[in-house]
Amino acid sequence: MSNIRLIPRLDIKGEYLIKGIRFEGLRKVGDPFEFAEKYYHDGADEIIYMDTVATLYGRNSLFDMVKKTTKNIFIPITVGGGIKNLSDVEIALRSGAEKVAINTAAIKKRELINDIAKTFGSQCLVISIEAKKISSNKWEVYVENGRQKTGIDIMDWVKQIENEGAGEILLTSVDNEGTCDGYDIDLIKNVSDSSGIPVIASGGMGTNNHGVQAIKEGNADAIAMANILHYSKSNLQEIRKHFIQQDIKVREYA
Amino acid sequence: MPNKIGIIDYGISNIHNVIQAFNYIGANPILISCKKDILSIDYLVLPGVGAFEKGIKSLREKNLIESIYNHINADNPFLGICLGMQLLMTKSFEFGEHTGLDIISGYVKKIPNIDKDGNKQKIPHIGWNNLHTTQNIKLLKDIDSHDYMYFVHSYSVICEKVDNIIASTSYNNINITAMIGSNNCYGCQFHPEKSGSKGLKILENFINL
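These protein sequence lines map, in sequence, to chains A and B. Take 1 as the starting number for the first sequence in my numbering and just add one per residue. Take 255 as the starting number for the second sequence in my numbering and just add one per residue.
Hints may contain errors.
[To be verified] Here are the simulated BS3-like cross-link-like pairs (lysine-lysine), alpha carbons at most 27 Å apart as the crow flies: (1) B:LYS364 to A:LYS138; (2) B:LYS370 to A:LYS189; (3) B:LYS370 to B:LYS395; (4) A:LYS249 to B:LYS364; (5) A:LYS189 to B:LYS364; (6) A:LYS216 to B:LYS290; (7) A:LYS189 to B:LYS374; (8) A:LYS108 to A:LYS133; (9) A:LYS159 to B:LYS370; (10) A:LYS138 to A:LYS149; (11) B:LYS455 to A:LYS71; (12) B:LYS311 to A:LYS118.
[To be verified] Over 12 Å on every C-beta distance to chain B, these chain A residues come out as not near it, computed from the model: (13) GLY20; (14) LEU26; (15) ARG110.
Hints were generated in silico from the structure; no laboratory data involved. C-beta: ideal position from N, C-alpha, C; glycine also.
So that you can see chain B by itself, here it is in the shape it has in the complex (with noise of 0.2 Å):
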């Protein structure tokens, strides 16, 4: 049996764009939005554009954070884009303190409005970036420095253990966490969905974990 992709749809994403991009590669996601959902999914993706606080409270009052934990526990493969990336943190500063799913250690602050050199610096960070991949895994087969990315967000994963960190990217001269892992679960602080080719390869790498 092929195995099954489900998306998390919690109300919060613009998930459309991530179904097609999977339907593209000829992947055919599931949407889940109950926890009993989950217990059939091989591949999870937990999508997210939008606040923090939002996207926490809503996977809660969905009831889906211990069927998610349940899946990252059992090592399944784990996907978590933008918000959803972000929610993997042990908390984050947007507007308050609130308090993430605490898989990767580490927190979620505000891109800096002025750079290292003390100059102004547009938030929110849109556009394309190239990734600075610093570990070699099967996620970035044929991925490299020269792929470039779409990124637009106004906060950013710091991660503790530099273990965590996958590539990097630089908004003008700040480093930015552009994607983050630990075993099978990885978040991604682009839009795969939305990088063009090499975006989608990515998304396949993923189902081929």
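So that you can see chain A by itself, here it is in the shape it has in the complex (with noise of 0.2 Å):
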């Protein structure tokens, strides 16, 4: 196993650092920019920014925040929230997003897919995908923030995006993004033992071994958290502790 990346998530509305439960519920956090330096600092190995309203209202504010945010903070930062094109994937890597991260367009326009991955790589492409489960062992990919169902299961789905060309999966569940009770470890499980593309697991981290079970059982190669940062309930210096003390292989970091 390669060294697991720690992934501060920041759900952003307007220009407020948003969290609610299951996608629903939303109270303001802060200033996504303190976070994000103070996460920068700690020792965060990449950073998500996802605004939760853009598909909603067809617009993406955040690229501002990524050139000011990128001023300051020297590693990757994904977007996500809205993109549906290649002319807005560029103005997202223009403003110094490393990636970004797509799902509804996606799910839209699946040769959308193909025309990032051609145009810019592989590597900056990461497939959002929002599963509910509906039974055993059976999970449906969802659009609008776990809004609107799609019909399509989600194994199929993973499939296809790796044909496409997606470089990685930011894979959300529904059912347990923002209750802090631990991810779904079956669906990050299936997902990633079936996926060649690695797999950020994203959605319950309340605890430091919450990210332990999504790792040594669930087999993620990086871990989203938001409330459990965001609320300090605990810090990235105390999860990469825990984690070495538990065998997972993390950067080191002073």
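Put the complex together from the two separate chains, hints included.
Here it is in structure tokens:
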């Protein structure tokens, strides 16, 4: 196993860092720059910015935020939410994003995945998957922050996006997101074991041990976390230390 | 007069981050998109993400290749980053076979998706790995094996001559060439501009060569 990446996920609405439970009941947490900068200095391996309402309103206000962030933060930034064509990707990358995450646009227009991979390279393309459990070991792909079903089976979708040239998967459990009750381990394991590209587990981390489970039992390649960090239930140094004690390989960061 | 640092803008790379990183260390780089601009440059940087074929084609179309050779042949400092490093090689096997700048002998090939023990390995290789440095050079001042750099790539460099390998890393148990060099011409597979303070240190070392 390679070094596991610890990735704070910042959900953004307008100018604010927000957080909800299962994508509902969004609350303002604070200024995203302050949080991003703190996480950078605490040893975050990457940062994810997600515009939670961009698709809904057809806009993306994150690009200026990314531009400002990358003046002082020198780790990779992934931007998602409302990216719908090649020109959006170009603006995102030119603003300083290392990668873009797309969901709705990829479902609506599958060719977009291949177009982005060919034009900018697979390494910059993260497919964001919102998965909702429908029965034992079966999940359906959702869009619009878990509001809308697509009828697509998750395992079919994972195969398709990999064939089209996706570089990575950001896998969010709609059921567990924001609950702090732990990741959907079966979901992560099913997707990670069947995919040849890295999988970032997202949704549910409330304790350091939840992260350990996602990695050891779910075979996640990276973990995204939100509430646990935003509300200081733990911090990146503690999580890193805990993982090392549990024999999980992470970047050494003093 | 302070040294002039040029970053080649050939329409393929995410140059914004490279500019920001050099700005942060106080270097004020200049963007280079035509060959006459290279003449006035002391330190040249070739960034790049994306496909090899598109990269070399783009350098050719912008008529930049001869000036890059002149810069390197005059022993002026040069740094290729990620695809910019791969372009220094003789050839690449990324989607076919393509000729590179051939400044450093060797080739670029896909990272195997099965490791030495037969276990599945995820491609691209994304993440932080530490450097095993094999040469003690100015570019690596204050960098040691506890320093991790950020990698994101599906293809990696195989050098013909061991002398050209400056540092390597292991992705699971597969050896990956992390840094190469020949005289004052260097390349790094990882992204120093995205590797936190230690990555910035390498860029600082570069502009002080």
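How the hints compare with the structure:
1. B:LYS364 to A:LYS138: Given pair LYS364 (chain B), LYS138 (chain A) is violated - Cα atoms ~34 Å apart, limit 27 Å.
2. B:LYS370 to A:LYS189: 23 Å, holds
3. B:LYS370 to B:LYS395: 32 Å, violated
4. A:LYS249 to B:LYS364: Holds, at about 24 Å.
5. A:LYS189 to B:LYS364: 26 Å, holds
6. A:LYS216 to B:LYS290: Violated: LYS216 (chain A) and LYS290 (chain B) sit about 55 Å apart, past 27 Å.
7. A:LYS189 to B:LYS374: Holds, because 14 Å separates the two Cα atoms, which is no more than 27 Å.
8. A:LYS108 to A:LYS133: 21 Å, holds
9. A:LYS159 to B:LYS370: 25 Å, holds
10. A:LYS138 to A:LYS149: 14 Å, holds
11. B:LYS455 to A:LYS71: Holds, because 16 Å separates the two Cα atoms, which is no more than 27 Å.
12. B:LYS311 to A:LYS118: With a Cα-Cα distance of about 15 Å, the restraint between LYS311 (chain B) and LYS118 (chain A) holds, given a limit of 27 Å.
13. GLY20: Consistent with the label, GLY20 (chain A) stays out of reach of chain B, its closest Cβ about 28 Å off (over 12 Å).
14. LEU26: 30 Å, holds
15. ARG110: Holds: least Cβ distance 21 Å, greater than 12 Å.
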